[in-house]
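Peer 1: Numbering (UniProt numbering), first residue to last: 1 to 630.
Simulated from the structure, these hints should not be mistaken for lab results.
Note that the coordinates shown come from a computational prediction; the quantities given were computed from them, not determined experimentally.
Here are the simulated DSSO-like pairs of lysine-lysine, each with C-alpha atoms no more than 27 Å apart in a straight line:
(1) 139 with 182
(2) 139 with 111
(3) 182 with 390
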Amino acid sequence: MRVSSPRNCIEEQQVAVSGMLDFIRRTSDAVCLTAAGRIARRAKSFAARASSWSADRLLEESRELKAEATAGAPSASLIVPAFGLVCEASRRVTGLSHRRPQFVGGAELAKGRILEMDTGEGKTLTALLPTYVFALTGKGCHVVTANDYLSSRDAEHARKIFELLGLTVGFLEPDSEFDDRKAAYLCDVTFGTEKEFGFDYLRDQLRIADARAKGIRPEVVQRGQHFAILDEADSILIDQARTPLVIAVPRAEQRRDDRLARWAWAAACELDPQADFENSNRSREVRLTRNGLSKVVSRVKPTALEELRFERLVRQVESSVEARRHVERDRDYVVLDGRIEIIDESTGRILTGRRWRNGLHQAIEVKERLDPSPDDGTAAEITVQSYFRKYEFLAGLTGTARDVAGEIRLVFNRDVVRVPPFLPCQRKRHPTIVTRTIAEKFTAIVRETARVSEAGRSVLIGTGTVEDSERLSAEFERDGIAHELLHARHDAREAEIVAQAGQAGQITVATNMAGRGTDIRLAPQVKNAGGLHVIIATFHRSRRYDRQLVGRAARQGDPGSYRIILSREEIELARNKEPGLTVRRFANLQRALERRDRKSRAELLKSEETRFEAAEDLGLDPVLEWPTAA
Numbered sequence: 001m002r003v004s005s006p007r008n009c010i011e012e013q014q015v016a017v018s019g020m021l022d023f024i025r026r027t028s029d030a031v032c033l034t035a036a037g038r039i040a041r042r043a044k045s046f047a048a049r050a051s052s053w054s055a056d057r058l059l060e061e062s063r064e065l066k067a068e069a070t071a072g073a074p075s076a077s078l079i080v081p082a083f084g085l086v087c088e089a090s091r092r093v094t095g096l097s098h099r100r101p102q103f104v105g106g107a108e109l110a111k112g113r114i115l116e117m118d119t120g121e122g123k124t125l126t127a128l129l130p131t132y133v134f135a136l137t138g139k140g141c142h143v144v145t146a147n148d149y150l151s152s153r154d155a156e157h158a159r160k161i162f163e164l165l166g167l168t169v170g171f172l173e174p175d176s177e178f179d180d181r182k183a184a185y186l187c188d189v190t191f192g193t194e195k196e197f198g199f200d201y202l203r204d205q206l207r208i209a210d211a212r213a214k215g216i217r218p219e220v221v222q223r224g225q226h227f228a229i230l231d232e233a234d235s236i237l238i239d240q241a242r243t244p245l246v247i248a249v250p251r252a253e254q255r256r257d258d259r260l261a262r263w264a265w266a267a268a269c270e271l272d273p274q275a276d277f278e279n280s281n282r283s284r285e286v287r288l289t290r291n292g293l294s295k296v297v298s299r300v301k302p303t304a305l306e307e308l309r310f311e312r313l314v315r316q317v318e319s320s321v322e323a324r325r326h327v328e329r330d331r332d333y334v335v336l337d338g339r340i341e342i343i344d345e346s347t348g349r350i351l352t353g354r355r356w357r358n359g360l361h362q363a364i365e366v367k368e369r370l371d372p373s374p375d376d377g378t379a380a381e382i383t384v385q386s387y388f389r390k391y392e393f394l395a396g397l398t399g400t401a402r403d404v405a406g407e408i409r410l411v412f413n414r415d416v417v418r419v420p421p422f423l424p425c426q427r428k429r430h431p432t433i434v435t436r437t438i439a440e441k442f443t444a445i446v447r448e449t450a451r452v453s454e455a456g457r458s459v460l461i462g463t464g465t466v467e468d469s470e471r472l473s474a475e476f477e478r479d480g481i482a483h484e485l486l487h488a489r490h491d492a493r494e495a496e497i498v499a500q501a502g503q504a505g506q507i508t509v510a511t512n513m514a515g516r517g518t519d520i521r522l523a524p525q526v527k528n529a530g531g532l533h534v535i536i537a538t539f540h541r542s543r544r545y546d547r548q549l550v551g552r553a554a555r556q557g558d559p560g561s562y563r564i565i566l567s568r569e570e571i572e573l574a575r576n577k578e579p580g581l582t583v584r585r586f587a588n589l590q591r592a593l594e595r596r597d598r599k600s601r602a603e604l605l606k607s608e609e610t611r612f613e614a615a616e617d618l619g620l621d622p623v624l625e626w627p628t629a630a
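Work out the full structure, taking the sequences as your base and the hints as a guide.
Peer 2: Written out as structure tokens, the structure reads:
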């Protein structure tokens, strides 16, 4: 008789549990979608009746719904007529009517769920439905998008539709004045990025504290955190979870900060990697060993640094080591106009105005031979994750939510539901190619791209860093292959480049910027030739990043395909940068990194909750009076 080993038993149990969870999720989705399907049929019928109404009748019906909503009518009783009105208004303004998946998705959003919808399935149209329902309450609905360009575009699209129904739409223009921002928040619907909403919240908290101290009524821009609908919800709730939103205050120590940053960089360059510092098991943070601390103590310091506390010296040296060994130019940041600009790993976009903390930003400035900027103090701070937990009602859409469904449910108490596509997916997956070296990988990419584009198809190549995209671009130029390059340095041309990416023979080399919020429309001849071909040319920490890029191909039932092309060299480099990981297979390494990142986010959330509780016990404001760092 064959006896299973303990390891095999555990693996069998894990497979069984995984299968059971998948079954439960599918069953749950089916139940949810059946109920939503009934709403969809009724809403579509209502829209058909409304198609014969005059514009005045449409507006009058909308005003009656708003009166019911402000009087306290439950949103569930308003959904069918509200959805029908939005559908008809959209048809009149844009020529686009809502289809069944969009009605179904809207119904699930109205219940406070996170939707997974494929690229090209009409997430923008879907989001309009619950946005209108919540806007009817008069409390204001916040629609949060991935970047300022998308916020502006979607706000303009929504404004034309909602004006027909008597609602107002505002947009949070970056760096706009107080009165303009307040006017945007007074609208029924307000569009903006998570950064704009979060920083306005922090500024309002500072205004409230200042007014309280003066005994006057505060002037604020926001009306509270009532309703929020998030586009690219997993990017905001998961990938940005650890991002602190910080309002800094200048310290009168700029000259000393400058000397500290330069002295610490020199000290970091003298440390022995084997004996003087070690890396955190779950992040790139560095901690000096006893031997390293001894070297910092004994190193000669300028007179201006003698009065500094030892812990601040150590923190700056550790940040300098981190900058030297773990933070890479054109992967983690770019240098633009003499400034360090941080790149968002998940989107490839520049995080304008964001700064690293604890002296890391200054260390990188020294590394790049720039003058160190002041290491500001903290006036107010909150993480993106904690900010969105303040909303009374939260819902969202994305193309990649199922992989983080458990974390979303645990942290935000929101279920994830997948809405099936309107048409069957035609996407083809080609076998993964793993070359020996990075140079061989680029050769394989150029060869495959040339073959596919010559057949009249368009090609999108997703790279991990600005440096990789420029290296691949150089390979194409060497072979005389025309192409477009899209990364953080070229973001001003993003809309123009994406608009051309679906043309016959078009080759687009892009960082993760092309993975979210972009809809590549194919020319008819490209569809006939086989559609868009996506090449994933980098090792991503998360499968969701791969899925976002893959989702650019085969939208709305179009043909399309994708292939992953990697090298053993880069997989090994990625593994070596993660202390404590011994897995070697590509997929296993991805899963291990996802678990590590998930644990890191959980630890941060627990730490912040503890900080908030401690502040409240002491009668302090955790946002203003209990900063995590000076």
